[in-house]
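Chemist: Residue numbers (the numbering used here), protein chains in the order written: chain A, 1 to 404; chain B, 1 to 231.
The hints are simulated quantities; they were obtained by calculation from the structure and are not laboratory data.
Even for Gly, the Cβ is constructed at its ideal location relative to N, Cα and C.
Check before you lean on any hint, since a few could be wrong.
Unchecked claim - Below, a list of computed lysine-lysine pairs in the DSBU-like style, where the Cα atoms sit at most 30 Å apart:
no. : chain 1 : residue 1 : chain 2 : residue 2
1   : A       : Lys305    : B       : Lys112
2   : A       : Lys4      : B       : Lys112
3   : A       : Lys305    : B       : Lys129
4   : B       : Lys84     : A       : Lys3
5   : B       : Lys112    : A       : Lys7
6   : A       : Lys305    : B       : Lys84
7   : B       : Lys19     : A       : Lys305
8   : A       : Lys317    : B       : Lys84
9   : B       : Lys77     : A       : Lys3
10  : A       : Lys305    : B       : Lys77
11  : A       : Lys4      : B       : Lys77
12  : B       : Lys112    : A       : Lys317
13  : A       : Lys7      : B       : Lys77
14  : A       : Lys4      : B       : Lys84
15  : A       : Lys3      : B       : Lys112
16  : A       : Lys234    : A       : Lys254
17  : A       : Lys101    : A       : Lys55
18  : B       : Lys160    : A       : Lys4
19  : A       : Lys7      : B       : Lys129
What the hints assert, rightly or not - Residues of chain B placed beyond 12 Å of chain A at every Cβ, according to the derived structure:
no. : residue
20  : Asp22
21  : Leu26
22  : Asn121
23  : Lys129
24  : Arg136
25  : Ser144
26  : Asn189
27  : Asp223
28  : Gly224
29  : Ile225
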Amino acid sequence: MGKKELKVAFLLALRSLQRGGRSSVILTILIVGMCFTNMIFLPAMFNGIGQSITKQVVDYEVGNVLVSPQSGDQYVTDLGATLDLINGMPGVDRATPHYSKGATLKYRQRVLGVSVRAISPNDEKYVSPLYTKMIGGSYLGDGDTGEVIIGKPVAGDASIRQEDEFQPSLGGVRVGDSITIEYGNGYTKDYRVKGIYYTGWSQADSTVYVTWTDMEQVEGKPLDFADYITVKAKPGYSEKFIKDELQQYGVSQKVQTTSDLLSKSLGRALQSFAIINTVSLIVSIIITTVVLFIVITIKTLNSRKQIGILKAIGVDKEVIMHNYGFQVIILAVLGIILGIIIASMLAVYMAYHPIVTPEWSATLYITPMDLVINSLILFVAAIIAGYVPAWQVSREDIQTAMRA
Amino acid sequence: MIEIENLRKTYHMGTVEVKALDGVDLEIEKGEFLGIMGPSGSGKTTLLHMLGLLDLPTSGKIIIDGMDISLLTDYEKTMFRLYKLGYVFQDYALVPDLTVMENVSLPAMLRKDRTEDQYRNDTNDILQKIGLYDRRDHLPRELSGGQQQRVSLARAMVNKPDILFADEPCANLDTENSRIVLDLFREINESVHQTIVMVSHEDWHKDYFHRIVRLRDGKIVSDGINGSKAS
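Could you put the whole structure together from the sequences, leaning on the hints where they help?
Modeler: As structure tokens, then:
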């Protein structure tokens with residue numbers, strides 16, 4: 001098959017698409033484009049959910065690396081020395097401890113069970129963007145006592161009746177209001193609400209934050225232990241690097257990266273997503289293949305006489321076959337381009353209008369590699385779908401074709 | 001030169017056996033303008049299809065320029081049609097999505113011995129010769145029947161084939177357009193001594209032929225030089 005033959009095949013293909021049925025060409029491109037969008041959309045949505053959960057876990061729960069007690073221990077002990085050690089390591093931006101205690105909140109007639117989390121507010125700023133999520137009042141300072149910040153769902157909305165609430169709340173606490181916290185150890189104290197925040201991550205939003213100093217009052221002793229330490233890596237340093245480094249430098253606690261943690265907790269969910277993605281991908285490929293197969297089959301059946309004539313005037317069957325092959329390639333390429341445009345527009349739209357649930361918010365997460373891989377898959381499927389009927393009809397003898 | 005030896009073609013239509021050609025022997029000299037005539041169903045088109053390598057005989061031999069065409073592979077037959085033969089169909093058989101220019105140049109584009117400039121020049125020359133150069137960018141559906149048949153003739157001629165086959169090329173044309181087309185055939189035959197084999201059932205066409213072979217029931221019933229060759 002030489003250059004001249006390919007040139008003739010391409011000319012025949014191009015003219016057939018240009019001057020043949022325009023509506024069928026447009027519809028075919030639309031179907032391929034929609035199938036491509038379908039191939040991209042679901043996996044991108046699941047990736048977006050995964051990315052969203054990962055980001056929120058990193059931002060509000062564990063940072064990049066979590067240092068937690070060894071099994072059998074309740075707390076990370078010798079906290080001051082451990083924090084100094086971790087903070088002194090290259091690649092570590094900041095390490096900050098968390099200590100939580102079960103408590104009951106009381107506000108007017110409302111009573112709500114929550115977890116009160118003690119933090120070092122200034123260090124926390126390096127690890128978590130919580131301080132940027134204040135929707136009322138202000139964030140805690142290191143020296144604050146008698147003040148708390150609470151999540152929007154905990155504060156509640158005074159305009160919603162208690163029986164209509166999606167989740168229990170304090171029924172409309174505002175900044176400056178006083179709430180009573182009764183801790184599990186019996187310690188009770190009135191706190192002023194310094195700020196109300198909203199992160200979109202339900203676990204963070206249903207927590208109440210107090211300063212480390214305040215929690216020391218609750219415990220009645222200096223807190224040189226914590227539930228865990230969250231560690232933020234400097235840009236350019238991988239979680240794995242930090243983990244290895246912590247273990248090398250003698251941090252005796254359990255050290256896990258976010259990926260380690262998520263692979264355990266989200267592993268099954270991600271497996272389910274992968275199954276759905278695969279099913280969706282296969283369905284899209286089958287639809288595209290069948291549509292293109294039907295389109296090219298109809299084209300070849302309608303053009304059998306023309307195929308016979310082309311052979312009769314000395315056009316080789318391979319030229320005829322590549323003519324239909326080129327047609328399907330052009331249709332597939334245009335369909336894929338349309339699909340990329342639609343998927344990109346959806347991604348942009350969803351970046352501004354993410355899907356928000358009480359648990360997470362998600363946008364479409366599309367990487368260039370996703371586009372390339374899906375394009376190649378669809379392209380190969382299209383070529384198979386086009387060449388099979390073209391090959392069949394090009395083998396027909398001239399007389400049979402011309403009599404059609 | 002074309003030599004045909006004891007050519008037979010039998011079609012099976014269910015249990016019925018139809019002998020379309022029943023032992024045809026014929027020699028066609030180079031430069032001849034041969035007319036194959038006969039009533040409908042006499043085997044004219046079948047014979048032309050065999051000669052044009054569009055169909056296979058049941059038995060017998062066709063030798064063109066010393067080459068037994070039954071020995072050619074499928075690809076060799078395609079190349080033989082491309083380089084050696086031209087074919088004009090009764091219903092013009094143009095590619096509807098190609099312009100006049102593209103239709104005519106299509107076989108020439110595939111020739112390995114032609115550059116792009118050469119086939120463009122050849123196409124332009126032949127379009128000027130048939131008087132359709134001004135309509136080169138039109139699609140076949142924008143032309144009259146006579147014009148389409150002239151395009152079909154131009155396509156068959158663009159590669160300057162040794163032999164031109166024409167299967168009732170005037171069957172769908174009125175008398176005036178038929179004369180234009182037949183005059184073109186005669187001009188080509190006389191100017192380049194091209195062998196032309198034309199099937200026709202119109203009696204007045206015989207004036208154009210050097211020699212007329214008449215078929216009936218798949219057999220040659222007469223073969224003679226045309227005494228009243230048109231001047």
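Chemist: Please list, smallest to largest, the hint numbers that this structure does not respect.
Modeler: Hint check: nothing fails, all pass.
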